Each structure stands twice: as C-alpha cells, then as structure tokens.
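Given the structure of chain A, go ahead and fit chain B onto it with the hints provided.
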Amino acid sequence: MAPPRPPPARPVADQGVVTRALLGIVARGGREHALAEQICRACVAGLDVDGAALSLLTRSSARETLWATDPTAELLEDLQFTLNEGACMEAATTGAPVSVPDLAAGVEVRRWPVFAAALAEQAEVGALFALPLQWGAINLGVLDLYRRTAGGLAPEQWRDALGAVDVATLLLLSARTDPDDGYDGGLDPATSARAEVHQATGMVLAQLDISAVDALARLRAHAFVEQRLLIDVARDVVTRRLRFSDDMA
Amino acid sequence: MSPAGGDREHLVSSAFTRLADTLVDEYDVIDLLDRLVGYSVDLLAVEAAGIVLGDVRGTLRVVAASNDDAQLMELLQLQNDEGPCLECYRTATAVSVPDLAGVVDRWPRFTAAVDVQRVFRSVHALPLRLRQESIGALNLFNGLPGPLSEADLSLGQALADVATIGILQERAIRRGEVVTQQLQTALNNRVVIEQANGVLAERGTIAMDVAFDRLRRHARRTNQLLSRVARRIVERELDPDAVLET
Numbered sequence: 001m002a003p004p005r006p007p008p009a010r011p012v013a014d015q016g017v018v019t020r021a022l023l024g025i026v027a028r029g030g031r032e033h034a035l036a037e038q039i040c041r042a043c044v045a046g047l048d049v050d051g052a053a054l055s056l057l058t059r060s061s062a063r064e065t066l067w068a069t070d071p072t073a074e075l076l077e078d079l080q081f082t083l084n085e086g087a088c089m090e091a092a093t094t095g096a097p098v099s100v101p102d103l104a105a106g107v108e109v110r111r112w113p114v115f116a117a118a119l120a121e122q123a124e125v126g127a128l129f130a131l132p133l134q135w136g137a138i139n140l141g142v143l144d145l146y147r148r149t150a151g152g153l154a155p156e157q158w159r160d161a162l163g164a165v166d167v168a169t170l171l172l173l174s175a176r177t178d179p180d181d182g183y184d185g186g187l188d189p190a191t192s193a194r195a196e197v198h199q200a201t202g203m204v205l206a207q208l209d210i211s212a213v214d215a216l217a218r219l220r221a222h223a224f225v226e227q228r229l230l231i232d233v234a235r236d237v238v239t240r241r242l243r244f245s246d247d248m249a
Numbered sequence: 250m251s252p253a254g255g256d257r258e259h260l261v262s263s264a265f266t267r268l269a270d271t272l273v274d275e276y277d278v279i280d281l282l283d284r285l286v287g288y289s290v291d292l293l294a295v296e297a298a299g300i301v302l303g304d305v306r307g308t309l310r311v312v313a314a315s316n317d318d319a320q321l322m323e324l325l326q327l328q329n330d331e332g333p334c335l336e337c338y339r340t341a342t343a344v345s346v347p348d349l350a351g352v353v354d355r356w357p358r359f360t361a362a363v364d365v366q367r368v369f370r371s372v373h374a375l376p377l378r379l380r381q382e383s384i385g386a387l388n389l390f391n392g393l394p395g396p397l398s399e400a401d402l403s404l405g406q407a408l409a410d411v412a413t414i415g416i417l418q419e420r421a422i423r424r425g426e427v428v429t430q431q432l433q434t435a436l437n438n439r440v441v442i443e444q445a446n447g448v449l450a451e452r453g454t455i456a457m458d459v460a461f462d463r464l465r466r467h468a469r470r471t472n473q474l475l476s477r478v479a480r481r482i483v484e485r486e487l488d489p490d491a492v493l494e495t
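Here the protein sequences line up with chains A and B, keeping their order.
Residue 115 in our numbering is what sits at position 115 of the first sequence, and the numbering runs on without skipping anything.
Every position in the second sequence, counted from 1, becomes a number in our numbering once 249 is added.
Calculated directly from the structure, the hints in this document are not laboratory data.
Among the hints, a few may not be true.
[Said to hold, decoys possible] Where chain B lies over chain A, by a calculated footprint (3+ residues, C-beta under 8 Å):
#1 47 to 57
#2 127 to 136
#3 161 to 172
#4 199 to 206
[Unchecked claim] Simulated restraints on C-beta separations:
#5 B:A350 - A:R228: 32 to 42 Å
#6 B:R358 - A:V114: 51 to 61 Å
#7 B:A456 - A:E226: 35 to 45 Å
#8 A:T149 - B:R257: 55 to 65 Å
#9 B:D256 - A:R20: 35 to 45 Å
The structure displayed is predicted, hence computed values, not measured ones.
Note that beta-carbon positions come from the ideal geometry of N, C-alpha and C, so glycine has one too.
Chain B extracted, bound-state conformation:
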C-alpha cells in the first residue's frame, strides 16, 4: 500500500540508496528483482507485483513475484497468451487497466481467470526496456478498480528501469555479449533457485517461500551469490541441512 507524504519520501530514498549499493558490487540478479517487487508493493498503491522476462522464443517467464501464492503466479503465467503484460512487452509501452471488467472482450481468458480468483480488479504493466528493445514487464495488481497516480506510475517505471539495468549489467559485459545472453542467464538462475527451493522444501518440510527465505538468508550470511548457493545445493555439493540451519 502506498504510504503518505514524508514517510513515502523517506522510504523511496532509502530503497534507491540500497539498490544503488547493490549495483556497485557483485550481486545476484534474482535477489535484486526480488527486492524490486518487494519495494513495488511497499511504495506503490498496489497489492501484488511480478516481473516477467521474454525468453529466446518470446515466451514470457516469471522471474520474481511479491508473493508466491498460486493465484498471482497463474495470472502472470497466463499472460503468455494474452493480457496487459504481454501487450506491454510487445509494444514496450505502459499498459494500464483501471478496471478489468472493461476489457473482457479484449482479453477474455485473462479476465475470466481474474474473475474466478476474485482477488484483483485492476492491473498495470510497465515495460522493462533498453532503448527500443523490450525485455519484459513489471506487473502491478490491485484489489480495487482505479488508476494509479502519476507519481506511482513514474516511480513504478523507475523501479522497472532499475530492473532492466540490473539484468543487463549483471555481469561485466564481455566481448560480443548481447541482451539475449543476459536474459538467458537471469532466466536460468531463476530455474536454479526453484530447483534448490524444492530440495530445501522437501528436506526441511517447509513451504516454498520459507525455503527461498532460508536460501537467501544463507547466501547473505555467508556472503555468496544466491544462484551460486542454489546451484551447489542442486548439484548435491552443499548439504541442504547447513542452509536450513541458517
């Protein structure tokens, strides 16, 4: 939910200070995107946020979500076929739907899924773009119909821009490296983390989001990249119990 006045200003500046701190050092792109969707929910008048990236086939894939619940994931994934997020990605422009009831004809499957869930009423999609190239979208969901304020839209776009910078600069740009390569690395890191989440969830008999939390905590405490820790767990080089004890 959007905080008011001076509070908000303080939160915004502290969020961007922390993001800038992250970007000067070696960092994990999924960790960064996860923080960004968290900030989106904290700072903007929205209830849920997710980031999707287009893979090499142009398929949109979820790389970060503010909450792990199946409903949000479903709405994000469904937009491979249709919806504001897909349109935002294809056109590289913001797509705002203040009331989903008004777009039933345009996106029948997407609005039907939203209807069944009875959780969200409005959606806003902001592009992740580098110059003319579109790499994905930041999706913002709200339980009430209505537009986002101009201030929220521009702050949301700033967060989406940080995501773009974070993804494309994740590693030192090597010779010949192209946007596709950075995208593929980010998407593959998400897969590594999901695989590790599964190992931890099974071993600790905990929920997936708790598993992710433990993974992140262990990575920060031991000063390692999230995806590196995750990779070692899946390769069975790192004992999951060591991570669960963190």
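Isolated chain A (complex conformation):
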C-alpha cells in the first residue's frame, strides 16, 4: 500500500518576489558595488518603497555607501554617518531590523532627535526600514529602504524584505571572501548552514588573530587551492587535522 499523500505544505518561508529575484544573482569576487546595485534595485522594484541604499558601517571599519538608488537614499546614509545616529546605525549595532513606519511620530524623534530633525529639513521621507546583513556576529552592512509617505510595510512585504536580506548577506559575503576574482563558486546556502563552517571560522580567527570574515576568506582560499569542498576543509579544522598559520597560503 502506498503511503498516504501528505497534506499541502504550509511553510512559513514562502518566498517573495524580491527574495526570488536575489536568488537568481550570482556573486562574483570583488564586485560588491555591482551586487549592492542589483540588491537595491530589486527591493525598489518589488517592495512598496521609493528608494534603497546599501552601506557598510561596522563599528571598527570605514563607513561606505556601496549603492543608493537616488539622491534621497544617499542623503539618508550621509546624514546617519555624519550624525552617528539613526535607524541604520541602530540596525548595525543591534543586529536586528528596525522599522520606522512614521518618522514624524514623537517616539522616533526622541530615539534619534538630531537625525529626525535634519531629515525633516532636507528631504521628504515618511517611513524608513533598516535591515542588517548579519552573518553570525558579523555585520556586513545595512540595507536601508525608505518611502516618501508614512506607513508600515505589509507583513508579506516585510517578510520578503527579510528574506531578501538573508540572500543578500550570502551574496555579499561570497563576494568579499571569494578566493579569486573570476571565481564563480559562491558560498552556497547549504554549506553556510553547517555548524562546522562556523566553528572552523572561529578556530581560524583564533589561530591567526584575524576577523571572522577574514577567517572565512582563508578557509575558502584553502578549499579553492586544494580543490576541495569548504565543508571538508572546515571539518579538518574542527577535528584538528588542519591548522592555519601565518606562513601558509
């Protein structure tokens, strides 16, 4: 007797249009600006927002806007960098998305008084959504979305934005840690979901006293040179068959 057919699937993670669009992009080493452009454009095309910007703003390294779809989006980034406050700064620090459906509302003004005042003076922005690109402890950047009129994103759009940011994180991380400029292997989601990859990243970080992103880059470079899978290299590190030192490639 054949097993009964399961009832229809009801996964939470129904993919939205923007998430699907980003899944079609292939990351290439050293092309972070081009990737940021594609990510921002897909968001503006698929979500109820007027503009998008993608910036790097880790606490330790330099701040840089990789792409902004229009002058207002660019101004948003500049203001936050200059004033050192705002939704995207908060998203980068906490690692959690920040949704500001009404920038004119009192609560938001109190949260970032200088930013809110400067923004009201210089641009027409009603709502702001900041989504961090997070890979474990590492913040790779923040995606800022804005709309001229106030109002929250519909739940399915917010979900799509969160999904898009998840894909964007992997794309940007791939580009930043690619062993070679022409390399098109990319970091695949299944591999990056493996515990050993993260454990090995932590171990290499400690072995070489470098950042987590650099540690992942070293692991990927080693896999590339040795023509092996990243997961196999990670497993060797975790089981202490492989140790990284400063003098090895």
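Relative to the frame of chain A, chain B by itself:
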C-alpha cells in the same frame, strides 16, 4: 530514558517550572532550546533529540541537539532533502517512524545513513507550529524500534510547543515584526554561538561541547545572554581566556 511513575511526574513538573521561570525574564533562545532537548532526553523514552528550524529559503537548520556527536548532526542535517523531520515540517503534523527498516522505499537516503551508523532504529518528529504556520520540528531518536507511548508523544509535543513560544516571544514583539524575523534571529544566534565555540575550542584546546559548556557557564555566572557573550568573543571584544577560566 523515560523515568517511571512518581519520579517522572516530579521531573516533568520541575522541568516546566524552570521553563516558565525562564520565559518571564529576558532569556536567550538558544539556551532555552538547548535545555528543551536536554529535557526531551531526560523525560521521554528517547536517546537523542534535536530541534531544526526552517530558514527563509525553507531549508531546515539545526539549532539545538542533545549531544554534539557528528552522527546525530548528520541525521538532522540530512533531512533537508528527505525524512520524517522534513515531512513533519512541511505538513505541520507529527510523523512517527517506529521502525526505520519499514520506510526504506520512502526515504532511501535517510534510512541508508541511519543504517550505516547502526545507532538509531526509530524516529519521531513533532512539529513546532503556531496556528497553521510551521516553523520547524523536534526530532526524537531511539536505538530500539517501537512506538512512543501516548504519554510521551503528548509530553514531547508540549516541549515542542514551549520551543515555539520561546522562539517567537524571544524579544518583545515590535511593530510589524513577523515570525520570519524571530526565526532569523534564532538561527543567526546559533551561528554566533558556533563561531564563539570555535574560538574557545581553539584557545582552550577543548572539544566543541566543552567550549559550549564554558560559554553557557560564563553567561549564567555573569548574568548575560548567551548570544551576547558569544558575539563579544567573535568580535574580539571579550578575551576568550576570561570565559575559559569560568
């Protein structure tokens, strides 16, 4: 292994009292899920337990396992492609396999992997679901074939429900916050903890599960959230030696 009679009743009530205590305060979701898989093994007639959550692509990812051994992890991860856990997640209903020998045709790759390991013979998957939405599954493994008792199944489902509540209520629900956001936070916290485990394992020349233990002990002793301590280690703001000395 399942304890008998009054003992069990006492263990169950003390487990739920401790869980309720955790949920009223600020807590770390991975810490909570880790306790839940521990309780599953203590209270139910199973030898191993794991919790998987679906990410934004619908890929199942391991967030907690009762033991860190590679065999259990492999069986949990393998179910991205097929197996009782994936089916449980997709259908949001419990899937019980009292004898894996009987489902070779249905899940050939999963049963082959179980066969190679020669450790487990039966699997039970209980859904983590909120109303009609499925967010993941609690996977229970046993070395002997056979069904789980009704009592164990309902207690297991209660533990799975606590996991769901714990994940979705982890932070105060903000405006517009959706289930996906809570799931992503939980999954990302697991990544932070694995990264920190790696740092500690390397620095202390200790096994991953020992590293996790030290991390958890330090977080509890210093009254901080597990993921916050882990994050500071990976960002190289907190000296791993301070955690290892705990």
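Verification of the hints:
1. 47 to 57: It is violated, with 0 qualifying residues against the three required.
2. 127 to 136: holds (count 3)
3. 161 to 172: holds (count 4)
4. 199 to 206: Satisfied; 8 residues make the cut.
5. B:A350 - A:R228: 32 to 42 Å: holds, 35 Å
6. B:R358 - A:V114: 51 to 61 Å: Given a distance of about 57 Å, which is inside 51 to 61 Å, the answer is holds.
7. B:A456 - A:E226: 35 to 45 Å: Between B:A456 and A:E226, where Cβ atoms are some 25 Å apart, the hint is violated.
8. A:T149 - B:R257: 55 to 65 Å: holds, 59 Å
9. B:D256 - A:R20: 35 to 45 Å: Since B:D256 and A:R20 have Cβ atoms about 52 Å apart, the given range 35 to 45 Å is violated.
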